[in-house]
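These are the residues of each chain, in order.
Protein chains: 2
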Amino acid sequence: MNALNVAEYTQTLGLQAKTAAAQMARASAATKNKALRALARLLRDNVAALAVDNARDLERATAAGLSAPMVDRLKLSPQVLETCAQGCEQLASMPELIGELQGLKQQPSGIRVGQMRVPIGVFGMIFESRPNVTIEAASLSIKSGNACILRGGSEAIESNKALARLVQQALREAGLPEDAVQLVQTTDREAVGQLIAMPQYVDVIIPRGGKGLIERISREAKVPVIKHLDGNCHTYVDDPCDLDLAVRVTDNAKTQKYSPCNASESLLVARGVAADFLPRIGAVFAAKGVEMRCDPEALQLLGAVEGARLVPATEQDWFEEYLAPIISIKVVAGVDEAIAHINHYSSHHTEAILTRDHVHAQRFLREVDSSSVMVNTSTRFADGFEYGLGAEIGISTDKFHARGPVGLEGLTSLKWVVLGEGEVRS
Amino acid sequence: MNALNVAEYTQTLGLQAKTAAAQMARASAATKNKALRALARLLRDNVAALAVDNARDLERATAAGLSAPMVDRLKLSPQVLETCAQGCEQLASMPELIGELQGLKQQPSGIRVGQMRVPIGVFGMIFESRPNVTIEAASLSIKSGNACILRGGSEAIESNKALARLVQQALREAGLPEDAVQLVQTTDREAVGQLIAMPQYVDVIIPRGGKGLIERISREAKVPVIKHLDGNCHTYVDDPCDLDLAVRVTDNAKTQKYSPCNASESLLVARGVAADFLPRIGAVFAAKGVEMRCDPEALQLLGAVEGARLVPATEQDWFEEYLAPIISIKVVAGVDEAIAHINHYSSHHTEAILTRDHVHAQRFLREVDSSSVMVNTSTRFADGFEYGLGAEIGISTDKFHARGPVGLEGLTSLKWVVLGEGEVRS
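Sequence lines, in order, name chains A and B. Residues 196 to 621 (our numbering) are what the first sequence spells out, left to right. Residues 196 to 621 (our numbering) are what the second sequence spells out, left to right.
Same shape as in the complex, but just chain A (with noise of 0.2 Å):
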């Protein structure tokens, strides 16, 4: 396709998501559970035909010398399909959502006011390799009543074409519009320049992928973006605290896995409790080879842990979001360096506070402006899942609309509703 023929399709997308959004939005809860239960059995009927179309993505990858977790991440295996599979079904359990009327209230003129869930249109997902998330996306969005246009990494377009077949006979199956779900079929990288910049038939962009990716999009996108960009968590352990709570929790928060954007990079110490608390958390990390990089306070009081990897911190640290055996400290005079320096070095996705002081976990909650804050527990639970969301759609960094971990309510809207006997204004 040359780029005047990118454009012409992408717009066709947009109008046909937008005709099926209206349609979407009438559907019964019981039609839309049809469908997601549809999708769970063609997806467990279909596991040996998928994987003769994933093995095209696959050869192409290793061919093309993509690394090997690369090239895993782009498996559709019978445990990943049944995942899948078992995804819809729960999705398909879940109360509905839309259609709710909330907070209806009489008014001195007599109408009564309230307001109604409804989906919020036509959403566009931006993601890269792993082809399960075709599914995923497309599974939240006919839950949410919903269209979506979803655009796939170009290493997994085989594997997406063949995902996307399967969630079109679901929607037939059920009565529904098949497109509701449409897959771009073209890898050319115009189309996602389309795709983000038609505010007449989408309403929303979710990228999900690495920062450059999500960088960019937010960079040019003329519409809104749910976007998540770099977590760098913080847990602060104050004084007074329980000690072997802030050892396990820090443990928990830093080692428990490295990669997760939840996981906590810096640790800050409250002069009072540091001498206690540095050693010991200290041999911890210094047991699973975590590096510390420390201020000048912090590295004397880590001094003497055997084995321990101390790096003098620099500026730089402060801000960093390792994803790696690496975590940088500081001891703090109390909690009211700790907010000061969380507000200014964080990404404002989590952070946490350890200790037994009530008004400093109060203020601690109230005057940490990320989105989410937390007393006595790991960054780790930082999540949709945890949070009992049931299902997650990405965790936003920003404040508008939805902040942190977003479920289905982040793909709605509320809108007013008003009931009358004739009112007029006067």
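Among the hints, a few may not be true.
Put simply, identical chains are the same to the list, so a pair is met inside one copy or across any two.
Mimicking SDA-like on lysine to any residue, the simulated pairs with C-alpha atoms at most 20 Å apart in a straight line are [claimed, not checked]:
1) K452 x G405
2) K452 x R620
3) K300 x F580
4) K300 x G579
Honestly, the hints are just simulated from the structure, not real lab data.
Using the hints, position chain B against chain A.
Below, chain B without anything else, positioned relative to chain A:
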């Protein structure tokens, strides 16, 4: 100022606002309400002094040949100032919204998860002519615990400066940072371009003014915009309906005031009641000099109405926001055609169905994709005060974040709060 100086100046305002926002976020309800009551007092105490500054704007406007209504909008009369003072006092009496913790529930891991309402941070407001918007924006900002940067029209610069001085005095009296409300002191247009492109300092932009201003800002902003474009509102008279109610409500929706965005610009009538209803509403419109732009069927049914100003409607008429004594009129087969017509031609602001049919009412509420949907009442009710919001920041024609009339909540955000007792993720 040259462009470089304007950029530097605007950045300084941004940094100062961000610093003040952190202090405002932790201010107590009592402190914020004290500032609002101080502002009300200062406005009343300075009626004479404000008249002097205001006179300079009025003279300049008259000399520049501005129309009498435009000059009138600039005027800070004692009545206008008293209304502003009462607005501040009303806000001071409203319940506090910041810090509310909602939905705290225990999850299977043991953590308790809820959401806390917090200020959004810094908002920028860009507005034209009326200087009283300075007080409205400042008081909403104080109540909601935000900081704001205000950019008024150049015609009102002296009045705005004088009002901003009083706002800062009120903030100081209450012990709050005066940078919590800053007025852009230069009338250089470049400052607007800067203000809407500082995502590091400004969280949301709220423009108030003509469609041209709002379109420009939406196009160029690098931060979210709560914007209000046009209001092409519809009233649909269904079959069956109470014709007396329909005449009264349709009359109110169109003629109670012609200029507001929530006035009905288009009338749809079900074929089954058209022959009875149209001559009656036609006579009302004829008596008030309202021009009727009709489809062929309506034209015929209205032909016998004495003094009616009838014009055949063009395709463009169905899209039009007249803000004038003009209405477009179309006969439709029934509720299906009415919903389809509205979803195609409407600006998605406010639409009403007048009906006795419960199923039609429910379908209209659910399927019409507008920010306000109404049954048996006048579209003129689409308003923050009529909806019981206490104060209105603006009306949003978007679906993202806030939709329709936006109250103080539109200037807030929900962050996640997690309370634990040492839980770790496994």
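Here is how each hint holds up against the structure:
In this assembly of identical chains, K452 and G405 lie within 20 Å of each other by CA distance solely inside one copy; the values are 18 Å within and 52 Å between copies. Within a single copy, K452 and R620 get their C-alpha atoms only as close as 60 Å, which misses the 20 Å cut-off; across copies the closest is 10 Å, which meets it. In this homomeric assembly, K300 and F580 come within 20 Å of each other (Cα to Cα) only across copies, at 13 Å, whereas the closest approach inside a single copy is 33 Å. Proximity of K300 and G579 under a CA criterion of 20 Å is satisfied inter-copy only: 14 Å between copies versus 32 Å inside one chain copy.
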